[in-house]
Each structure stands twice: as C-alpha cells, then as structure tokens.
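Chemist: First to last, the protein sequences are chains A and B.
All residue numbers for the first sequence refer to our numbering, where the first residue is 1 and numbers rise by one.
All residue numbers for the second sequence refer to our numbering, where the first residue is 1001 and numbers rise by one.
It is worth saying that the hints were derived from the structure and are not from the lab.
Among the hints, a few may not be true.
[As the list claims (entries may be wrong)] With a Cα cut of at most 25 Å, we get these calculated DMTMM-like pairs of lysine to aspartate or glutamate:
1) K1039/B / D1109/B
2) K1039/B / E111/A
3) K1079/B / E48/A
4) K171/A / E2/A
5) K1039/B / E2/A
6) K1080/B / E48/A
7) K139/A / D1075/B
8) K133/A / E1082/B
9) K52/A / D1075/B
[As the list claims (entries may be wrong)] To spell it out: a stretch of chain A is covered by chain B in this simulated footprint if at least three of its residues, at any positions, have a beta carbon under 8 Å from a beta carbon of chain B; those stretches are:
10) 67 to 77
11) 110 to 120
12) 123 to 137
13) 147 to 160
[What the hints assert, rightly or not] Example chain A residues on the side facing chain B (calculated, C-beta under 10 Å, incomplete):
14) T44
15) R140
16) H141
17) E143
18) L144
19) E185
Even for Gly, the Cβ is constructed at its ideal location relative to N, Cα and C.
The lines below spell out each chain.
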Amino acid sequence: MEITERSLWTLIHGMGFGALYLLACSGAIVELWRRYAPASDPPTARDEAFLKVYFIGMAVLAWMAVLSGAYIVYPWYRAVPPAGLHDLSAFPRYLLLSKPTTSEWHNIGMEWKEYIAFFAPISMTMASVVFVKYGRSLKRHHELRNAVLGFTLASFLAAGIAGFFGAMLNKNAPVEGGTTIHLAEGK
Amino acid sequence: MSAQTASPNELTNGAGAAAVLAAGIGTFTIMVLDLAADKVAAIKSIANFYRPTGPLSGVTTAAILVWLACWAILDWRWKKREVAVTRVCTIALVLLVLSLVLTFPPIADLL
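Construct the complete structure from the given sequences, taking the supplied hints into account.
Modeler: Structure follows, in structure tokens:
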C-alpha cells in the first residue's frame, strides 16, 4: 500500500481541510439557526465561548483549504507537459482537455471551483469576526444574524461545489507524482 | 447609508454591517477580476503574480486586498454608529449571489 506525495497533499487539501470544513459548516448553520433565532432561549456564556472558537476554527480551515489548493495542488494540476508528450497522466489539466468526454470537467468544474472556493474563507472570516464581536448580543441584531447565516450558507454551497468538482476532477485525472510513500507491504 | 452616532458603551450595528458589506464586496471583486482576466489578455498577464498558480494568484490576492481595505475603511467610518443595516445586508447578499452566479463559466461566457 503506497501513496504519492502529490496524492497525499490532494487528500490533505480535499479530505482534510475541505471535507472537515463542510462538516463544520453544517454544524454552524444549525447552531446559528437554532440558538440565535429571535424566539429561542438565550445561549449560555459557555455556548458562546465554544461557538467563538468553533467559528474561528472554521475560518482557519477554510483558509487552509483554499491556500493549500491554490499554492500546492493547483500548480501540479496545471503544469504544462513538454511538447510531443503522449502520456498526459502526470498533467491532469491537459489530460482532461485532450478528450471531449472530460474537457468540461476542467472548463466548467475547475474554472468555477478555483474562484468560488475563495468565497468560503472570506465569508467565514467575516462570520467569525462578527460572532466574536457581538457574541450573545447577535440575537438582538436580527439583520446581522441573518446576514451571517446567509454568508455561512453561501460558503457551505461554495465549498460543496468546490468539493464536488474537486472529487470529480481527481477521479477523471488524478494529481499524482512526487515521492512515493510506502504505507504497508502486501503478503 | 444613513448613520447615527451611538452612546460610547453601546454595541452598535456599524462594525458588523461593515464586515458584512466588505465580505460582499470581496466576493464581488473576485467575480469581476475573474471575468476581467478571462476577457482581457493584458489583465490575465498582470494577474500572473505567481507563475505556477497563474492568474488565480493575482485575482485572489488583489480581491483579498480590496476586501480588507474596504473592511478597514467601512469599519473606521461605521464602528461607533448605527447604520441602515437592513439595506447594507441586502446589498451584501445581492453582491454575494451575483458573484456565485456570474462566476459559473457557462453564464460568464455569455457576458
């Protein structure tokens, strides 16, 4: 059982930061909806402290996901093959574009994913700062609470789209290469 | 936006509104720069801040700088004030929805 260095980084980017962000995002949406609705019981100081850390953690996860994607994995994805090379398996972008059955995974999937993914950290940084500043009093600021909820929902959507296309891109043209890491030996 | 100065100890809505509107502007800037880099070769070339990542590096770095600058300016102007927060949040959410829709390549290609 072995994994390449590039594949490991793709896993860290997608399954580590991205998928964990999506899971955390669903929890944040429920908490914002449930505990900060005008008719709900007021959150306790302990809940507030926990949610502040939770929101900051989400913002950090979102930044780690997009920065690892844009500056570690994406350069491998878009690397240009040498002229005349027929085996494009180490050049995922060009592999996808070489066939009409896969080219739109790049033209639609990657072209959309690479930009909307950045909506998530911007939205969650804003949400975490508003949450830290207002805390329990966010319950009284209905419009701000609704805007934070709206941006959190949008960041969930953006991260979901980026995650879906990331998985499909990697299924059709995996980012592979670099040092091979041996995890276990077969019998 | 109409604004009123609040008493010193009161937690006003201005700082929150500034953060929300700046986030809307930030996402909208990503969309505008993405479209500009896609349509204008010179902008695509300028946006190539870090060659391995290509124009994505310049578009997102510039948008992040615009977002943070807008946030700092709006926060400086609004943090001690009550602002028309419904209108501010509506504008921010409209910018966000437009950004989500107009970055979708089949729609962006129509522009």
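Chemist: Taking the hints in turn, state whether each one holds.
Modeler: Here is what the structure says about each hint:
In summary, the hint linking K1039/B to D1109/B is supported, as the alpha carbons are separated by about 9 Å, within the 25 Å threshold. This hinted pair checks out: K1039/B and E111/A have alpha carbons roughly 14 Å apart, not beyond 25 Å. Only pairs whose Cα atoms come within 25 Å are accepted, and K1079/B paired with E48/A is accepted, the gap being roughly 22 Å. Our distance criterion of 25 Å between C-alpha atoms is met by K171/A and E2/A, whose separation comes to about 18 Å.
Using a Cα cut-off of 25 Å, the hinted pair K1039/B and E2/A is violated, with the two alpha carbons roughly 43 Å apart. For the hint linking K1080/B to E48/A, the alpha-carbon distance of about 23 Å falls within 25 Å, and the restraint holds. Using a Cα cut-off of 25 Å, the hinted pair K139/A and D1075/B holds, with the two alpha carbons roughly 21 Å apart. For the given pair, K133/A sits about 15 Å from E1082/B by alpha-carbon distance, which is consistent with the 25 Å threshold.
The hinted pair formed by K52/A and D1075/B meets the criterion: a straight-line CA distance of about 20 Å does not exceed 25 Å. For the region 67 to 77 of chain A, the stated coverage by chain B is satisfied: 4 residues place a CB nearer than 8 Å to a CB of that chain, which reaches the threshold of 3. Taking a C-beta to C-beta cut-off of 8 Å, the region 110 to 120 of chain A contributes 7 residues in contact with chain B, enough for the three needed, and the coverage statement holds. For the region 123 to 137 of chain A, the stated coverage by chain B is satisfied: 8 residues place a CB nearer than 8 Å to a CB of that chain, which reaches the threshold of 3.
Coverage of the region 147 to 160 of chain A by chain B holds [criterion: at least 3 residues with CB-CB distance below 8 Å; count 7]. Among the interface hints, the one on T44/A is violated; its C-beta lies about 19 Å from the nearest C-beta in chain B, farther than the 10 Å criterion. Checking R140/A against chain B by beta carbon gives a least distance of about 9 Å; that is within 10 Å, so the hint holds. Checking H141/A against chain B by beta carbon gives a least distance of about 6 Å; that is within 10 Å, so the hint holds.
Because the closest C-beta pair between E143/A and chain B is about 5 Å apart, less than 10 Å, the hint holds. Proximity of L144/A to chain B holds as hinted, the smallest CB-CB distance being about 4 Å (cut-off 10 Å). Taking 10 Å as the C-beta contact cut-off toward chain B, the hint placing E185/A at the interface is violated, the least distance being around 35 Å.
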